[in-house]
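Q: From just these sequences and the hints, can you work out the full model?
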Amino acid sequence: MKILDYLHKETIITDLKSSNKKGVLEELALPVSVITNSDANEVVRVLLERESLGSTGIGGGIGIPHGKMRGLKTLVMGVGLSLNGVDFDAMDNKPTHIFFLILTSEDSAGLHLVILARISKILKEDAFKQKIMTAKNADDVIRIIEEVDEDF
Amino acid sequence: MKIIIVGSGQVGFNIASRLAHEGKDVVVVDTDVDAIANVSEKIDVETLIGSGSSPVVLEKAGIKGAEILLAVTNSDEINLVACLVADILSPATKKIARIRKGDYDDYHKTFQEGIPHIDTVINPDIEVVKAIELFMSVPGALDIGDFAEGRLKFVGIRMDKDTRLSDTRLSDLPNKIGDPILIAALVREGKMIIPGGDDRMYPGDLVYFVSEKRGLENILTAFDKHVRPVKRVMIVGGGEIGLRLARSLEEKSIYTKLIERSPERCAVIADIMDKVVVIQGDGSDQGLLFEENIREMDVVVSLTNDEETNILVSLLAKRMGTRQVITKLNKFGYLSLMSTIGLEQVVSPRLSAINSILQHIRRGKVLSARTLVDEKAELLEAVALETSDIVGKPLRQTGMPKGALVIGIIRKDEIMIPSGSSVIEPNDRIIIFARRQVVSKIEKLLTVKLEYF
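Chains as they are written, first to last, in our numbering: chain A, 1 to 152; chain B, 1001 to 1453.
Since the hints were derived computationally from the structure, they do not count as laboratory data.
One or more hints might be untrue.
Lysine to any residue pairs mimicking SDA-like chemistry, simulated, CA-CA at most 20 Å apart [stated by the list, open to error]:
#1 A:Lys94 to B:Lys1444
#2 B:Lys1042 to B:Asp1032
#3 A:Lys68 to B:Tyr1452
#4 B:Lys1444 to A:Arg50
#5 A:Lys94 to B:Ser1440
Predicted model only: the values in this text are computed from it and were never measured.
A: Structural data, given as C-alpha cells:
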C-alpha cells in the first residue's frame, strides 16, 4: 500500500488562505468531509479536540493534524500548503507551511500509525519539503509524492 | 490558540489576563467603554467595543478563527445569544457560557445537545453551594477539593497553637498520624513552601494536604479540628445561592432559617420551601440575629449581594458565639484580607467560575482545575494519556518541574497517594499541585505525542 492509495486529488489544497489553526483545519476538513460524506464541522471538532491534547505542529514547518471519526469507512488523507505560514502552536513556535491531514475510523487496526510513520519519514527530507512547496496545483503535489511513495 | 471573551467583568478580566500571560491570542468584547479601556490599559489583548450577542461584532472579533468562545457577561440572555450567533457563524468553535438562573438548570443538557450547542454551561452558584456544603463537612478548612467522587480530599487548614502536630517534622508525621497523608504545601507569612521531610509545621501555617476520605476525620482530630454534625443552619440572604443552599439543606433534613430583606422575595422563597423558616429582616441587625437565636446555630452562612453586609454578619455571628461562619465574597481585593479578620471560610462565585473555565483552557485531558493560595498555585486533575511524558516511568524520572507534585493517583477503584517511585499508567487519573509559574511545564508533561490518535 502507498500514501497515494489514500490521498485524493480533491483533498489537496495548494493555496491555504487562513493564518490560524481553526481556519486551516476548516479549509482542510471541507473536501475530506465531502468525499467521505461526513459533517465538516464534526471533522473540525475532532481535529481541534486532538489538538487540545497536544499540537500536531511538530516543527520544521510541518503539521500533521489527525483524528478518529465515528462512522468513517476508510482512512482518508488531505494535503494543504500555505505560502505565508500558519500559527499552528508548533513545537518550535515557527509558522507551519505543509499540512498532511489523516482521518481514520474509530476501530482502525493500526494502518493510521503506519501511514503516520511514513509521512513523518518523508517530511524529514528537506529536499522533499522544498519541492512540495513549489507545487502549483494538486497534480504537482501528487507527482512530487509519487517520486518518494514506496510500498509499505 | 485564539479565544474570544464576551464580557469584561471580573471573570472575563481574570481569564483574559491569565491567557495573555500564557501567550494566547485573546479578544475581549464588551459594550462598556470604561471596562474595555481598563482591559486594554492593563493587559496585552485585543479589545472590541460592542455587544457579544451581535453577529457583526462577533464577526469583527474573528469568531471564524476562534477555537473558544467564552460568554461571561452578567446577563444569561446575552451569553446565550452570543453562543447562538457563534453557533451559526462558526459551528466548530467551542462554546463556554456562564448561565446562572435556576430556571435554566434543567436545560443545560438541552443547550449542549441542541441549538446553540454550548459545549460547557458554567453555573458558579451550583459550585458555590457545593463548596459551602464541603466547608460544613470539614470545620476549620480554608479550602477543600473533592476528587474521585469525594474519596480523595485536598484540604487547606490553619495550624493552631499548641496542637499535637505543631513543630512536627514532616518525616515524623507517620508516627503521629496513622492514616496516609501527604503535605503538598505550607503557606507561612504569605509565602508558599513546597516542603521536604525535614521541614516542620508551625502554628499559623496554612497547611495543604491530601488524604483519603476515610482517614480525614482522624487527621483533622490530630490538627485539633473536630468534626461535629451540622444540625442547625442560618442563611442570611435569599438570592439564587441562598435559595439553592436552603433547598439542599432541606433535602438533608437540616433545620434551616433564612433571613431575607425583601418581603416579595421572602414570599417567593416561603412558597417554594417546605420546612425552611423564612424570616423577613435585615441580617446585619444584631437585635434580629439575637432574637433568632444565632448562638444556637451550628453554621451561619452570609450570602447577601452586599460584600460589606456579608462580612459584618459573619463577624457578628462569630462574636455572638456561632461555631462556624461561611462568607460569600466576590471582590478579589477582599479575599486576601479575610484571614486577617478571622473569616477563613470564604466562597466566591467568581472564583468558582474561573476555576470551571480554567479546566477547559488547559492543554491535555484536564478534568478539573482550581486556583489556590491567592492564585499562587493551581490544582489540576487530569487523565494521564498514552504517549505523554508522565506515564510509564517512576515519577521522579518524569521531569516533573520543581514546585509541582503529583498528590494523587486514581486507577479504577484504587486511590494512591504517590511517592517518587510510583509509576503512572495510561488512563490513570492524576491530581497535580503546581506553583503557577510551572503550570505551563505541567501542561507540556500532560500533552500527547504525535502518534496519539
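Q: Are Lys1042 of chain B and Asp1032 of chain B close enough, with their CA atoms no more than 20 Å apart?
A: With Cα atoms ~16 Å apart, Lys1042 of chain B and Asp1032 of chain B stay inside 20 Å; holds.
Q: Does Arg50 of chain A lie within 20 Å of Lys1444 of chain B when you go C-alpha to C-alpha?
A: 15 Å, holds
Q: Measure nothing beyond the straight line between the CA atoms of Lys94 of chain A and Lys1444 of chain B; if it is 20 Å or shorter, mark the hint as holding.
A: Since the Cα atoms of Lys94 of chain A and Lys1444 of chain B sit roughly 17 Å apart, the hinted pair holds (cutoff 20 Å).
Q: Does the alpha-carbon distance linking Lys94 of chain A and Ser1440 of chain B stay inside the 20 Å limit?
A: Given that 20 Å is the threshold and the Cα spacing comes to 19 Å, the pair holds.
Q: Tell me if the straight-line CA distance from Lys68 of chain A to Tyr1452 of chain B falls inside 20 Å.
A: 10 Å, holds
Taken one by one, the earlier hints all hold for this structure without exception.
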